[in-house]
Amino acid sequence: MKFTSLSQTGGYNLPPCNIVNLCGFHILFDCPLDLSALTIFSPISTALYENHETKKLLDKSNLILAEPYYKTIESLHLWNVSLIDVVLISNPMGMLGLPFLTRTEGFSAKVYATEVTARLGQLLMEDLVAMHMEYKQFYGPTETSLFQLLNWEELEALPPALKDVILGKDGTELGSWLPLYSASDVKDCLKKVQSLKYAEEACYNGTLIIKALSSGLEIGSCNWSLKDPKRNVSYISSSVFSSGTAMDFDFHALLGSDVLIYSDFASWNGATCDESENSSSSIVPVDCATKSDNEHAWELPDFDESSEEMEKLNFICSCSVDSIKAGASVLIPIGRLGIILQLLELLALHIESSDIKVPIFIISSVAEELLAYTTILPEWLCKDRQEKLYSGKPVFAHEELIKEKKIHVFPSVHSHELLMMWQEPCIVVCPHWSLRLGPVVHLLQRWRGDPNALLVLEEGVDTNLALSPFKPIAMKVLECSFVSSIKLEKVPQLLKMLQPKLLLLPDYTKPYFNPLNQLSSCLFFTENETLRVPNANKHLELNIAADLASQLTLLKLKSEELTISRLKGKLFVDQGKHYIVSEKPTMSSNMSPLVHWGKVDLESLVLALEKIGVKGSMEKVKDEDECGSNVLHVFEPSQALIQVKETCIVISTGDEHFASLISDAVHSLLNGI
Amino acid sequence: MAIECLVLGAGQEVGKSCVVVTINGKRIIHLDHIGALPYFTEVCGYNGPIYMTYPTKALAPLMLDDYRKVMAGRGEEQQFTNENILNCMKKVTAVDIKQTVQVDKDLQIRAYYAGHVLGAAMFYASVGDAAMVYTGDYNMTPDRHLGAAQIDRLHLDLVITESTYGKTIRDSKYAREREFLKAVHNCVANGGKVLIPTFALGRAQELCILLDDYWERMNLKVPIYFSSGLTIQANLYYKVLISWTSQKVKDTYATRNAFNFKNVQSFDRSLIHAPGPCVLFATPGMLSGGFSLEVFKHWAPCESNLITLPGYCVAGTVGHKLSDKTTKVDVDKDTQIDVRCKIHRLSFSPHTDEKGIMDLLKFLSPKNVILVHGEITSMDYLKGRIKSELGIQCYNPSNNETVSFPTTHFIKADASPKFIHSSLTPNFKFLKDEATEMAPIHVCDERVTQGILTMEKGQKVKILHQDELLTMVGTEQTEVEFAYCFPLSLSSLKDRVTDDNSLIRIVSRKISNEVAEFGEPDDMGIIKVNSFCLAVCKNNNCPFRISDGSTVSSDRVFFCCNWSIVDKDLGWRVISVMKNMDSSLDSVF
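Going line by line, the protein sequences match chains S and W.
Position one of the first sequence corresponds to residue 1 (this note's numbering), numbered consecutively onward.
Position one of the second sequence corresponds to residue 1 (this note's numbering), numbered consecutively onward.
The shape of chain S in the complex, shown without the other chains (with noise of 0.2 Å):
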């Protein structure tokens, strides 16, 4: 077994990207894109002012004016995608880069995700192709590709920090920006998916068995369990233990594998950038405004996940309705469809009890499919969830609120029905898209001046290149961080229930885990070097059909308290278990011996071959010719020679009958099987 991890970056929008190597099958985890990358674009709200005639490269907040390019995984493109032979999609997030695989010539490889997964990849995937067909529409059908506009010197005179995008922090990820895929391509990579269930057993080749297993993080994202004849490999991906929306985190079929991966270190991430000890606090308000008279710190105690959780949405509500009274609007793009589906419930709840009337718009070219997608999802739901299907209640609220016209859908800004129904104040829930693609730009462009207004981003982007080209910004920006990893500090508690056999983990927590190193062995993986992972030294399961051993002749060697016996079958593996049955047409039970071992001297193959009647006229003559070897001539019935040597006997004799006569003769002098 083999493991190459070819992005560390944890996270819910980027999540870690991991090759196995597992009895010669490649198997990858995740595909994702690196959507941050997206804040070096100018958005086209800005791009709209900007002078077309100058053919400048930058507009006037440094951003780049031209149709974005889609940053991929840079070492995924070093491996030869045809020999990748297996993809297991962790998360919706995980699938954005699949089409870019999956079209590539040569992909064979099977991919296996969630049937949730799928269906909301396919969604966000369809967004994405919509949103930037704005682009496409705004700077024409272009010949020259982004690289080919920038040159070294372009390059190098580019703003630092657009630089490091570009370029990656050493200057190896130019090669790594794409063009975005088309709708056919989401399409046909889509075809290529095989959807599972929670904990339905795919066997993948006769030999490799699949489970997904809730991980927690979102509606139908998973951790992974594979099963070879060998070992049992547990790979957790970001995970959450329990959540208000997804089924809790399953780690029932985790416990006890031979090798455990774990590379859910979104939070650790967060804690060694950060470096500041109280990283833990999860609502920093960010001032963008260089007069904003909103610079009070909001600070929340460290809750347990999903309680933590809820006070968090509870505070973005509270903070929402505060914005509407005052009579500005809120702008909430977030694309994390488990935190939407928790801020609808809590938004309802909260206008209602301010006793204010105000729309809630959602707004993005899938809303409706996908909210009517999670009413029909209860199985991957959370047992909160469930319980509410049990007792006749619908899953989610948003399905009533929108009957009761609380909450609209619609797919553009442009669409009739919203600008007829259009008002202000207002709340809207719209895709993140790095505030570069789609309603975001136009709604931020729209109330960026008003300092009562209400911006609420995830935290997980530059902020401050994401907001750069819609400054000065008077409007409140209130920043949060959803849980999207274990804790830290839960983490040895939990691995040393999981009790796995042997631990890989990020090179970057070697200062953390080593000194829980009792926890079980580990090891540390660097970012794009091949990790060789010890075989367990475990013998290969066999399993012999009863009727095939009820036929085996046992021989028991006087030497030892040995048995043995000779097998004989057809082998075949099936759901990653090898069998040995017997052939159809029962074999001759008699089989003579094929190999034998031990000695023979000429005296007792004299006595052993007279009682067997070949007897009489022998003649014993020593040849001094060929060196250790005896030869006895045999005249009668027939004629005859046997030459024995130290470890070989040759028979030499013209009737096949008399020759095999002779062999038995040996045999019965000789160990053999």
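If you are wondering where the hints come from, they were derived from the structure by calculation, not from laboratory data.
One should not assume that every hint holds.
To be verified - Cut-off 27 Å, straight-line C-alpha distance, at most; resulting in silico cross-link-like pairs (BS3-like, lysine-lysine): (1) S/K393 to W/K239; (2) S/K570 to W/K367; (3) W/K248 to W/K182; (4) W/K182 to S/K403; (5) W/K69 to W/K333; (6) W/K412 to S/K501; (7) W/K221 to W/K239; (8) S/K570 to W/K460; (9) W/K460 to S/K577; (10) W/K239 to W/K262; (11) W/K342 to W/K362; (12) S/K577 to W/K412; (13) W/K98 to W/K239; (14) S/K406 to W/K262; (15) W/K355 to W/K321; (16) W/K367 to S/K405; (17) S/K556 to S/K611; (18) W/K362 to W/K173; (19) S/K471 to S/K490; (20) S/K2 to S/K577; (21) S/K187 to W/K248; (22) S/K403 to W/K173.
Said to hold, decoys possible - Simulated restraints on C-beta separations: (23) S/M133 to W/Q247: 44 to 54 Å; (24) S/K471 to W/Q102: 31 to 41 Å; (25) W/A72 to S/S550: 35 to 45 Å.
Here a beta-carbon is modelled for each residue, glycine too, at the ideal position from N, C-alpha and C.
Use these hints to put chain W onto chain S, whose structure you have.
Only chain W this time, still in chain S's reference frame:
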């Protein structure tokens, strides 16, 4: 290692399915219908885990409560309370299709989609190497709103299947659906009222989806009513659980959820006497009382009206009495109804037919089959077919009877990598058609899986490659070989053949005509096939020249060959071919 199967209910009878199966010591109870589940858990005190599919878990409390109310309505003794039902349902673990549940260390269960009723499943259970499938109702072809049953090809020791319609092959469901729709349409077109007495769940939705769809297509405006609030509520479950329906219904969820019945409204008592046509769904199903009977009293005497009845009605109910084509029905002691309306009997019952059962069993080909839930005659008939046509052992035990048989068992052994590797190495055999020279060579891969099984005291059984055995025993191999040097008289050839190399080439070509695996000689003029070696022998003192007494001509050429005991047969075959050549060569060349 054995499976024991105790039938408690539905043995050679219809209804009350309950089978206790013990696989290798693990006891599993299958209930096809859940009517007594609250009694079992709350009154009897069963404490183990209970598994159901999501829709079953969602719909079960409604059905159970409905059932409880019917029992109460009939004045029978109540077996459990509503609280019992709710407590019982809390103990149930819901499972999704194909989700593999590890119940404990040994027992694994998995549900497969059975179609026909929302949430219906076949349950697979395995303990060690032994495995079985229990199935209630299933449908092998998709219908209007549910998909076809889907199951993997499994290695099974046992399949337990229901056999209600074991002796009938029913016509297509579509035809029966068309009949139903035609009857309803004719009635409302003539201004009549249609009464559809149903249970609250399942059938009501099934019929309603039919009607709603038909209404849309035919652009009918006649109102469809649901009598009880309960049924409307049940629709909500169907809407949420749409992923358990057919692909067609699933695909349209975003634009129009098929269970979002457009033409359905709730019924008000005052509408009984309202003029104009309408369709009414009312509970209970067999006109055993309640609202459906009340409406029946009012609508039955009118000729233009229509009443549909389920295929099976319990004796004593008004539904059953109507079956006998009587025109007057005693509804209760004081009331006699003059039935003049039309009656349509619904015949789509959610049970699979003979073909379905045979198809499933053929697909699964288990070692044993147990039939439950059926009449004894149809069971016996089906049992005969299964035995004779599929060659599968088949039982139909009566209640309280136990059937047992041994299960599949594999002996576990550790196989060495060398053994596995050697077993997976291709072993190509080239077969030549003897008749024609030009015929293509057939290549086949005859892999031999051959190794040595070793057992040592206190250790797991090991499978080794034979080379590894010698290392294990600590000795070297002693080869046993054969050698033979013999002359052939090739006088006629002598003129044509200049050297030994071309001679051996001719000989080898001749041999390969009869021994398929024979090839060309190498540069040294030696032919090698496996361990068999053949060459022209120039050594006049060759020790392997064993004379067989016959005299040979002076034009003889000696061929010396040696081979290992492994290729014993091959060696002798080649020699006999060559010796035959001796006599036939003259004529051939």
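Hints, one by one, checked against the model:
Our distance criterion of 27 Å between C-alpha atoms is met by S/K393 and W/K239, whose separation comes to about 12 Å. Using a Cα cut-off of 27 Å, the hinted pair S/K570 and W/K367 holds, with the two alpha carbons roughly 20 Å apart. Of the supplied pair hints, the one linking W/K248 and W/K182 holds, its CA atoms being roughly 23 Å apart against a limit of 27 Å. This hinted pair does not check out: W/K182 and S/K403 have alpha carbons roughly 35 Å apart, beyond 27 Å.
At roughly 22 Å between alpha-carbon atoms, W/K69 and W/K333 fall within 27 Å of each other, so this suggested pair holds. A threshold of 27 Å between alpha carbons decides the hint, and for W/K412 with S/K501 the separation of about 23 Å falls inside it, so the pair holds. Annotation: proposed proximity of W/K221 to W/K239 holds, straight-line Cα distance about 23 Å (limit 27 Å). Simply put, S/K570 and W/K460 have alpha-carbon atoms about 21 Å apart, close enough for the 27 Å limit, and the pair holds.
Pair hint W/K460 plus S/K577 holds up; C-alpha atoms about 18 Å apart against a cutoff of 27 Å. The straight-line distance between the Cα atoms of W/K239 and W/K262 is roughly 13 Å, inside the 27 Å bound, and the hint therefore holds. Proposed proximity of W/K342 and W/K362 is contradicted: the alpha carbons are some 42 Å apart, above 27 Å. For a cut-off of 27 Å, the pair hint linking S/K577 to W/K412 stands: about 11 Å separates their Cα positions.
In summary, the hint linking W/K98 to W/K239 is supported, as the alpha carbons are separated by about 21 Å, within the 27 Å threshold. For the suggested pair S/K406 and W/K262, the alpha carbons sit about 23 Å apart, so the restraint of at most 27 Å is met. Between W/K355 and W/K321, the direct Cα distance comes to roughly 32 Å. Violation of the 27 Å bound is thereby established for this hinted pair. Among the hinted pairs, W/K367 with S/K405 is inconsistent with the structure: their alpha-carbon atoms are about 60 Å apart, more than 27 Å.
Restraint check for S/K556 and S/K611: the C-alpha separation of about 24 Å stays at or below 27 Å, so the hint holds. For a cut-off of 27 Å, the pair hint linking W/K362 to W/K173 stands: about 23 Å separates their Cα positions. For the given pair, S/K471 sits about 40 Å from S/K490 by alpha-carbon distance, which is inconsistent with the 27 Å threshold. As the CA atoms of S/K2 and S/K577 are separated by approximately 22 Å, the hinted pair is consistent with the 27 Å bound.
Our distance criterion of 27 Å between C-alpha atoms is met by S/K187 and W/K248, whose separation comes to about 19 Å. With a C-alpha separation of about 37 Å, the suggested pair S/K403 and W/K173 falls outside the 27 Å cut-off, and the hint is violated. The given range of 44 to 54 Å is broken by S/M133 and W/Q247, whose C-beta atoms sit roughly 30 Å from each other. Distance hint check: the CB atoms of S/K471 and W/Q102 are about 56 Å apart, inconsistent with the given range 31 to 41 Å.
In this structure the supplied range 35 to 45 Å is violated for W/A72 paired with S/S550, their Cβ-Cβ distance being about 60 Å.
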